[in-house]
Structure formats: C-alpha cells, structure tokens
Amino acid sequence: MAFLDVTNCTKNFGGLLAVNDVTFSVKEGELLGLIGPNGAGKTTMFNMISGVYKPTTGQIVYRGRFHIHALNTHRICHIGIARTYQVVKPFLNMTILKNVLVGAYFGKRGVLKRDATKIAQEVLEFTGLWERREEIAGSLNVPSRKRLEIARALATQPDLLLLDEVMAGLNPAETQKTMGLVKQIQERGVTIIMIEHVMQAVMGLSERIIVLNYGEIIAEGTPEEVANNPEVIKAYLGD
Amino acid sequence: MKRISKLQIFYFLIVLFLFLLPLFIHNQYVIHLGIMTFLFITIAIGWNVLGGYTGQISFGHASFFGIGAYTTAILWLRMGIHPLLTIPLGGLLAAAFGVLWGYPLLRLRGYFFAIATIGVGEATRVLASFWESLTGGSSGLTLPVPKVFSKVPFYYEMLIIAFLVFLLSVWVYHSKFGLGLFAIKDDIDASETLGINTPLYKILALALSGFIVGIGGSFYAQYIFYVEPGDVFSFEKSVNLILINIVGGVGTIFGPVFGALIFLVLQEFVLVLFPNLHLLVYGLLLVLIIIYQPNGLAGLIAFVKRKIGKKKRVGGT
Ligand SMILES: Nc1ncnc2c1ncn2[C@@H]1O[C@H](COP(=O)(O)OP(=O)(O)OP(=O)(O)O)[C@@H](O)[C@H]1O
Ligand SMILES: [Mg+2]
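Chains as they are written, first to last, in numbering that gives the first Met the number 0: chain A, 0 to 238; chain B, 0 to 316.
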C-alpha cells in the first residue's frame with residue numbers, strides 16, 4: 000500500500016469528463032510531477048485529493064486508512080494534506096503573518112497560541128517572508144502571493160503537499176528561488192505532488208512524472224522517459 | 000510588569016465617568032439616552048460578530064431582539080420569573096433560534112444568505128403577530144410597571160451588559176476563534192482547506208451574535224414594559240444594526256460603539272429639531288462613509304492616528 004492511492008478516479012462535470020478513470024499512487028517522500036496541456040484535469044485531480052470536490056466514481060486512500068471521500072475538507076487538512084491554489088486565495092485583509100497563523104492554528108487540531116506563533120515564525124523565515132510579515136496580503140504582487148500561498152500551506156505542517164503551478168508568472172530568478180524552496184521542503188520529509196507548466200522546473204525537480212491529457216493518464220515515468228514519449232510530444236504539440 | 004499606556008488610562012477614565020454619571024446627573028432624559036446608547040452598542044456588537052467578523056450579512060437580526068424581548072415578557076408575565084433572571088434565557092433562546100435557521104441558511108453564500116435573512120426576520124415578525132395565545136398578537140404585551148420607578152438601576156444594568164459584551168467582542172477579535180471568523184470572511188474555500196471547520200465556525204458566530212442581540216431584546220422589554228411585534232421584530236431595527244456598523248466600521252472593535260453613539264445623537268437631536276430629518280442626515284453620512292472611508296469612523300480614527308504617529312516619528316528623531 001502506498002502513501003496515496005488514487006484508484007479509478009473520475010470527475011464528471013455535467014457530461015464533461017475532467018478526470019477520466021485515473022489510477023496512480025504516490026510513495027512517501029517522493030516528488031511527483033503532474034503535467035499536461037491546459038484543461039487536462041490536473042487541478043481537478045488536486046481538488047479531489049484535497050476534498051474540494053468528491054470524485055464522481057473511484058476512490059482516493061491516504062496512508063492506507065483514510066478514505067478521502069468520506070472526510071470533510073478541513074479534516075483532510077488535519078490528517079496532513081495541504082494544497083496551494085493555482086489562482087491564489089490569500090486572506091486579502093490580513094497581514095502575511097496572520098495569513099500564515101491561520102494555517103498554523105487550524106492545520107492540526109488543538110494547536111495553542113504559543114505553538115502557532117512559533118510555527119508561523121519558522122515558516123516565514125523558511126520562505127523568506129519574515130521581514131515582510133506586517134504587509135497586508137492584498138497589497139502583494141503575484142510572486143509574493145504565490146510565496147505566501149506556499150508558506151500558508153506549510154504552516155499546516157503537512158505530510159503531503161499539493162503545489163498547483165506555484166512557478167507560473169515568476170521570472171527566472173524567482174523560479175530558481177522557488178525551485179530551491181520546493182527541494183528543501185521535500186528534504187524535510189514532505190511528500191510533494193507538483194503541477195507545473197514550467198518544464199525546466201518539473202523536469203529538474205521531479206523524480207517521476209505523470210502526464211494527463213483530456214482527463215486520462217497518457218504517460219508515466221522519469222523526466223527523460225516522459226520527455227521522449229511520442230504520445231506526450233503529440234499532446235503538447237497537437238497533431 | 001506590563002506598563003500601563005496612556006490609552007488604557009483614557010479607557011479607564013471613560014468607564015469610570017460612565018459609572019459615576021448618575022451620581023451627578025439627575026436628568027432622567029440623559030439617563031435614558033445613556034441606557035439606549037448602551038443598548039444599541041450591545042446589539043450592534045452582536046450584529047458585528049456575524050456580519051463584521053465573519054462576513055455573513057444579516058438583515059434579520061431583529062428576530063433575535065424580538066425573541067429576547069418576548070422571552071422576558073412571557074416568562075415575567077405568565078410565570079412570574081424575575082426579569083433579570085430571564086436575560087440569559089432570552090439570549091440562549093435567541094441563540095438556539097439562530098442555530099435552527101443558520102444550519103440550513105449558512106450554506107448560502109454572499110447575497111443569497113443576506114436575502115434569506117430578510118425572510119427569516121419577516122417570517123418571525125409575522126409569526127409573532129399571529130400567535131396570539133403566546134405573544135398577545137399584534138397589540139403586544141404590557142408588563143407591570145412598578146409604582147416607584149427610577150431609571151438608574153437600568154442604567155447600571157445596561158452599562159454592565161454593554162461593557163461585558165464589549166470585552167467579549169475584544170476577546171473574540173484577538174482569539175483563535177476570531178482569526179477563524181476573519182479568515183472565513185476573506186476566503187471561505189481557503190479557510191476550509193487550511194483546516195477551519197467553516198460550517199461550525201459560522202454557526203457558532205451566528206449563535207453568539209444572536210445571544211448578544213437576544214440579551215439586548217430581553218433588557219429592552221423590562222425597561223420599556225411593553226413589547227409589540229411591530230417594534231421589537233421590525234425590519235427597521237435589522238437595517239439600523241447594519242447602518243450603525245457601516246458608519247462605525249464593519250468588522251472593527253470600536254465600529255459598533257462609534258456607530259451607535261452617532262446614531263443615537265442624530266436620532267435624538269436632529270429628530271427634535273427637524274422631525275424625520277435624522278434619517279436624511281444619517282443617509283448622507285452613510286454615503287460619504289461608503290465612498291471615502293469603507294472602514295467607517297473606526298477606520299478614519301486609525302488613519303488619523305497613523306498620520307499623527309508618522310509626524311511624531313519624523314519630527315522626533
Ligand atoms: N467546477 C467546474 N465545473 C465545470 N467544469 C469544470 C470545473 N472545474 C474544471 N472544469 C473543467 O474541467 C476541465 C479540466 O480543468 P482543470 O482545471 O482540472 O484543468 P487543468 O489541467 O488544471 O488546466 P490548466 O493547466 O489550465 O490549469 C476543463 O475543461 C475545465 O473547464
Ligand atoms: Mg489547473
């Protein structure tokens with residue numbers, strides 16, 4: 000039994016099969032890349048793993064005993080699954096610190112104020128946001144919001160982290176920085192699934208990559224295998 | 000040891016002044032104004048916990064006020080329970096009522112929730128008007144007025160209630176619970192994925208909000224000695240709570256305090272001078288605030304304080 004088992008998962012949006020009979024598993028500690036053209040169903044897959052949507056059919060089992068579809072979204076966070084949103088969702092009227100405190104306080108059950116503050120400080124220092132902690136999230140630019148999104152998810156102290164295009168819209172230097180951050184998060188023992196369009200980033204970071212197209216898995220393997228797979232090349236370039 | 004700041008001394012002096020006021024002011028009208036101000040501060044804070052902290056705008060909060068008022072009137076009149084004892088009951092019944100309709104309605108988002116609360120408020124009023132055997136119908140219930148009657152005890156009752164409710168609202172504002180509520184207000188999806196039990200938090204906020212407003216209603220009944228659906232359940236009362244908070248500053252600690260103060264001052268003084276003009280003045284103020292200072296007077300004061308603080312720092316060093 001793997002860390003995360005996705006079995007025959009389908010998500011049907013009124014006739015549109017956003018995810019179609021997808022099966023894969025994730026090993027503890029690995030960094031799995033999830034790629035595919037626009038509309039392939041990647042974010043929908045994350046929405047199902049994080050409990051935002053329930054699969055139409057199929058099941059997702061975490062650590063061999065948690066059936067995701069039977070849990071409320073906030074409970075899924077409590078058992079150690081955190082995510083970022085592709086379209087970031089910061090608490091716009093709160094400071095960076097407060098944003099991260101929310102994750103620290105609520106991510107696990109029964110966290111006390113003193114501990115939450117410590118976690119938040121640690122995460123903010125780790126993500127390089129500590130100096131800017133009093134800035135209001137609504138005043139941040141996109142790269143900073145993306146970073147805050149990661150920091151807030153980390154503050155919930157996840158074991159499985161779902162990153163949805165955290166490099167989109169970053170310049171090369173920022174991309175490098177975020178890649179370093181992701182690598183460090185993995186080294187801390189967090190299992191990561193990363194959706195990414197920035198090929199240099201997924202190829203560089205992932206140990207294994209799954210390619211989705213029209214809701215189905217069309218390839219799976221090491222970065223080299225996937226990059227040389229004719230199906231994948233066709234999906235990306237069109238016929 | 001913690002140092003006592005100038006601000007804390009200032010707050011302390013204000014509270015002290017309010018507690019001593021009846022000793023040197025014997026004008027019953029002024030005492031009455033004080034009582035009504037404390038009452039409106041209290042119920043405006045109640046609305047703010049749900050509308051301001053949690054972002055769930057309710058147009059139906061008069062239902063809590065009415066339930067509090069009728070709880071006291073009925074228990075006092077029919078069962079002879081001392082009215083002071085009915086205050087917590089009025090609050091609890093209002094809270095329970097909130098849980099009852101909040102459970103289905105809090106799933107609605109944004110405007111849909113707000114519109115549904117109009118229905119709740121109006122339905123409650125109509126129900127109270129028709130359930131004559133319990134409520135005395137639309138002509139209301141008259142409570143026994145004592146022969147010797149002083150407003151001063153009521154002044155202290157309401158002052159203490161307002162003070163405690165204010166402290167409660169400050170505590171909530173800074174607590175983990177409050178952080179959860181403000182998170183829900185900003186983004187409910189992100190809140191849920193970050194581990195907040197959003198349905199539970201929303202319903203707790205509604206219950207607390209209803210409890211506070213219910214307490215206010217209960218006090219009102221024993222102070223006015225008369226309850227009538229058209230008054231305690233009125234839509235106008237619900238709307239006033241929103242206006243007070245917008246003028247004072249939605250979601251701020253002092254918003255309901257400032258808003259209620261201004262509302263009563265305008266109502267009493269402008270109303271006396273130019274009947275009905277107070278609504279016009281209030282409406283004007285409302286428009287100005289929405290355009291120029293969305294955080295209300297509390298936001299304006301914070302803004303001015305920041306400006307002064309900046310000047311001081313620039314000049315000082
Ligand atoms: N809530 C929804 N209701 C209806 N259709 C949806 C919904 N969410 C996603 N879809 C559709 O499902 C398909 C897959 O969308 P999804 O967002 O998962 O793609 P994606 O792989 O993340 O794409 P991108 O790379 O553009 O982010 C798309 O056709 C999308 O329009
Ligand atoms: Mg996507």
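None of these hints come from the bench; they were simulated from the model. These numbers come from a predicted model, not from an experiment. Yeah, the Cβ is synthetic: ideal placement off N, Cα and C, and Gly gets one too. Heads up, some of the hints might be wrong.
Stated by the list, open to error - Ranges of calculated distance between the beta carbons of each label pair, as one might list FRET restraints:
hint, chain 1, residue 1, chain 2, residue 2, range
1, B, Phe176, A, Gly188, 48 to 56 Å
2, A, Leu111, B, Leu167, 30 to 38 Å
3, A, Arg62, B, Tyr10, 50 to 58 Å
4, A, Gly188, B, Pro293, 24 to 32 Å
5, B, Gln292, A, Leu111, 46 to 54 Å
6, B, Ala301, A, Glu223, 51 to 59 Å
7, B, Ile24, A, Lys112, 39 to 47 Å
8, A, Arg108, B, Ile159, 34 to 42 Å
9, A, Thr116, B, Ile13, 27 to 35 Å
10, A, Glu215, B, Glu235, 54 to 62 Å
11, A, Arg108, B, Tyr110, 32 to 40 Å
12, A, Leu111, B, Ile24, 53 to 61 Å
13, A, Arg62, B, Val125, 35 to 43 Å
What the hints assert, rightly or not - The calculated DSS-like cross-link candidates involving lysine-lysine, where the alpha carbons are at most 27 Å apart (straight line), are:
hint, chain 1, residue 1, chain 2, residue 2
14, A, Lys97, A, Lys107
15, B, Lys150, A, Lys97
16, A, Lys107, B, Lys175
17, A, Lys182, A, Lys107
18, A, Lys26, A, Lys107
19, A, Lys117, B, Lys175
20, A, Lys112, B, Lys309
21, A, Lys112, A, Lys97
22, B, Lys146, A, Lys97
23, A, Lys112, B, Lys175
24, A, Lys88, B, Lys175
25, B, Lys304, A, Lys97
26, A, Lys182, A, Lys97
Tested hints:
1. B:Phe176 <-> A:Gly188: 48 to 56 Å: Between Phe176 (chain B) and Gly188 (chain A), where Cβ atoms are some 32 Å apart, the hint is violated.
2. A:Leu111 <-> B:Leu167: 30 to 38 Å: Taking Cβ atoms as reference, Leu111 (chain A) and Leu167 (chain B) lie about 21 Å apart, which means the hint is violated.
3. A:Arg62 <-> B:Tyr10: 50 to 58 Å: 51 Å Cβ-Cβ, so the 50 to 58 Å window holds.
4. A:Gly188 <-> B:Pro293: 24 to 32 Å: The hint (24 to 32 Å, Cβ to Cβ) is violated, given that Gly188 (chain A) and Pro293 (chain B) are roughly 45 Å apart.
5. B:Gln292 <-> A:Leu111: 46 to 54 Å: violated, 37 Å
6. B:Ala301 <-> A:Glu223: 51 to 59 Å: Taking Cβ atoms as reference, Ala301 (chain B) and Glu223 (chain A) lie about 57 Å apart, which means the hint holds.
7. B:Ile24 <-> A:Lys112: 39 to 47 Å: Given a distance of about 43 Å, which is inside 39 to 47 Å, the answer is holds.
8. A:Arg108 <-> B:Ile159: 34 to 42 Å: Given range 34 to 42 Å: holds, Cβ gap about 36 Å.
9. A:Thr116 <-> B:Ile13: 27 to 35 Å: holds, 31 Å
10. A:Glu215 <-> B:Glu235: 54 to 62 Å: Because 59 Å falls inside the window, the suggested range holds.
11. A:Arg108 <-> B:Tyr110: 32 to 40 Å: About 33 Å separates the Cβ atoms of Arg108 (chain A) and Tyr110 (chain B), which means 32 to 40 Å holds.
12. A:Leu111 <-> B:Ile24: 53 to 61 Å: About 47 Å separates the Cβ atoms of Leu111 (chain A) and Ile24 (chain B), which means 53 to 61 Å is violated.
13. A:Arg62 <-> B:Val125: 35 to 43 Å: Taking Cβ atoms as reference, Arg62 (chain A) and Val125 (chain B) lie about 53 Å apart, which means the hint is violated.
14. A:Lys97 <-> A:Lys107: holds, 16 Å
15. B:Lys150 <-> A:Lys97: Judged against 27 Å, a Cα distance of about 45 Å means the pair is violated.
16. A:Lys107 <-> B:Lys175: Given pair Lys107 (chain A), Lys175 (chain B) holds - Cα atoms ~13 Å apart, limit 27 Å.
17. A:Lys182 <-> A:Lys107: Holds. Lys182 (chain A) to Lys107 (chain A) sits at ~24 Å (cutoff 27 Å).
18. A:Lys26 <-> A:Lys107: Holds: Lys26 (chain A) and Lys107 (chain A) sit about 22 Å apart, inside 27 Å.
19. A:Lys117 <-> B:Lys175: holds, 15 Å
20. A:Lys112 <-> B:Lys309: Distance ~31 Å between Lys112 (chain A) and Lys309 (chain B) Cα, so the pair is violated.
21. A:Lys112 <-> A:Lys97: Distance ~12 Å between Lys112 (chain A) and Lys97 (chain A) Cα, so the pair holds.
22. B:Lys146 <-> A:Lys97: violated, 56 Å
23. A:Lys112 <-> B:Lys175: OK: Lys112 (chain A) and Lys175 (chain B) at ~8 Å, within 27 Å.
24. A:Lys88 <-> B:Lys175: holds, 20 Å
25. B:Lys304 <-> A:Lys97: Holds, at roughly 22 Å.
26. A:Lys182 <-> A:Lys97: holds, 26 Å
Hints 1, 2, 4, 5, 12, 13, 15, 20 and 22 from the list above are not met by this structure, while the remaining hints are.
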